[in-house]
Amino acid sequence: MNRLFPVAVGCLAATMLIGLITALATVLEAPPVDFRILNSSHTLLALGFVIAGALGAAQVAVGRPPPRLQVVLFLIGIAAPLLATAAGGFSGREYLSWPPLVSAPLFAAIAWASVNVLIGLARLGRAHPESAWVVGIGAVVLPLGFAEAHLYLVPAIGLDIGKDMAVQWQGIDTMIGGWNAMLYGVAAMLIAPAGKLSRAFRNLLFLVAATGLLLTFSHHHYPSPQATWLKHVAFLTSLLAAVAFLHHFRAWRRAAPADTRLTVLLGIAERWTIFAVGTGFLMALPPLNVLVHGTYAVVGHAMGSMIGVNAILIFAIARGQGDAPEAAADAAFRRWSRLFDWSLAGFVAVLVAAGLVEGVLRTDGGYWAYIGAVRSVMSLLPVFGLALAGLVGWIAIDCLRPGSGARAAGPARP
Amino acid sequence: MPSRDAAHDHAATPSAWRIVVWLGCGYVAMTLLVALLPSRSTGIGPASPAVAAGAKVWRSENCLACHAIYGLGGHLGPDLTNTVSRLGADGVAAKVAAGGARMPPFALGQEAAANLVAWLAYIDATGVYPLPRHFSPGYGDTR
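Keeping their order, the protein sequence lines are chains A and B.
Heads up: the first sequence at position 336 corresponds to 336 in my numbering, and the numbers run straight through without jumps.
Heads up: the second sequence at position 51 corresponds to 51 in my numbering, and the numbers run straight through without jumps.
FYI, nobody ran anything at the bench for these hints, they're computed from the structure.
No residue lacks a Cβ here, since even glycine has one placed at the ideal position from N, Cα and C.
Hints are not guaranteed to be accurate.
Claimed, not checked - The calculated label-pair distances, taken between Cβ atoms and stated as ranges, are: (1) B:Q110 - A:P155: 22 to 30 Å; (2) A:H232 - B:V28: 15 to 23 Å; (3) B:R18 - A:L20: 41 to 49 Å; (4) A:P6 - B:K95: 44 to 52 Å; (5) A:H232 - B:E111: 41 to 49 Å; (6) A:V33 - B:A98: 17 to 25 Å.
To be verified - Covered by chain B, according to a simulated footprint, are these stretches of chain A (three or more residues, beta-carbon under 8 Å): (7) 113–122; (8) 160–170.
Could you build the full structure based on these sequences and the hints that come with them?
Right, dumping it as structure tokens:
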């Protein structure tokens, strides 16, 4: 049984609730709760959701579902930073914004789960070699990236702003690459019958994971004083990753099975993957990067992939790993999923529009030239945010229903 | 597994060991490279004790929740990469103490406030952000 799935869903519910409160707090001049606490807790819980979701799915996929004690460690790993943050303790970093010492239990839980995945990898590999490669890569790089994001504690790195940003973003990007690899790997296993992907393609997947996931990080901060060679590497691998993605995508399409709820969900993830890769590629082009870097447009890219890809894949996998036969997608299910697509599209469009407004206006007048217009655009965000929260909740409940998800299903036996 | 030959399978079956060794070592090597080779900010305003102490204040007060450096961080307030150039050291210290619309006041004490400003002045010296014009031909850096 995937005991981490309920943990993930709990984190998601809290993420959405705190997200809505945070949105309200940005409107108030003097919010009753410290904005820094709201903002940091929101990010922590979102991380908890995706990490628990990805590691739960991967452990079930290799036939070694998370043991109870690991789940307890995960809960402590999320509760400790949450309490420290609520008490006003911060690291002042992006994503991992709690005091670094309280990262220990979360790191231990991640490392435990990753080792568990690697132990079971050979078994998964016999039935689904291509998935096993990708899931294995994720299990190796997720804990490494998490640890690397703490390297700023070494003064030679943390007190050199160019190095600090390069190391930090390599860490964060690797972490994100790690959970994406695990989720895509498990999802591919659910739709692609073993051995359908060619050997050359498997090698390509490995190459993409090893280069695209690990080396594109420097485009997150082209303007910072990081070493110039890193920017060239990031730019080149971004181009390579986009080409490789097109290959991957064609193979994925050919393997897609018949019309079930699972495929409807995977279809959503597919559309938002195209969005995420497309916008990621655009933002890696230096002239466009100059325009949108550091604006809400980048947040739009991140939300499209966190909600449209990561969250949906976690739900789809919970369905696919369930032991109930997959139900055909009825008209109502399709209608609601389309509504989800449109709400997320609206949510992302608001963010991208706000980002473009900032990008155009900031060059001449700075903050005061853009902030008014950006706030007006952003005032539309809660409308789509509320709709989205409702629809995500509905999909989660649908996946949690007895017989429809979160049941153990090891790899198909050869 | 009837349909595929054993040799092919053996080659295709991933071993955790291989992934850990190749990818793990490659990753650690890349990290060391990024961490050890100089960046373009290396050697600028050698991190003095005041700058180091200021970095601690910056982190523990979590200014990044609302402010960005080189575009990375929060979006509620202005990017602070060049705030010392804009407001001057005293202006920044005064702003931190007074707060503003949507910014809480911070009672840091004189020394901590001065260190924080030293940290921001160090960052200011490492480059310019955002760029003064659109569609720069390079990566958007000016140093």
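We went through each hint and held it up to the structure:
| no. | hint | in the structure |
| --- | --- | --- |
| 1 | B:Q110 - A:P155: 22 to 30 Å | 24 Å, holds |
| 2 | A:H232 - B:V28: 15 to 23 Å | 22 Å, holds |
| 3 | B:R18 - A:L20: 41 to 49 Å | 45 Å, holds |
| 4 | A:P6 - B:K95: 44 to 52 Å | 45 Å, holds |
| 5 | A:H232 - B:E111: 41 to 49 Å | 42 Å, holds |
| 6 | A:V33 - B:A98: 17 to 25 Å | 21 Å, holds |
| 7 | 113–122 | holds (count 4) |
| 8 | 160–170 | holds (count 9) |
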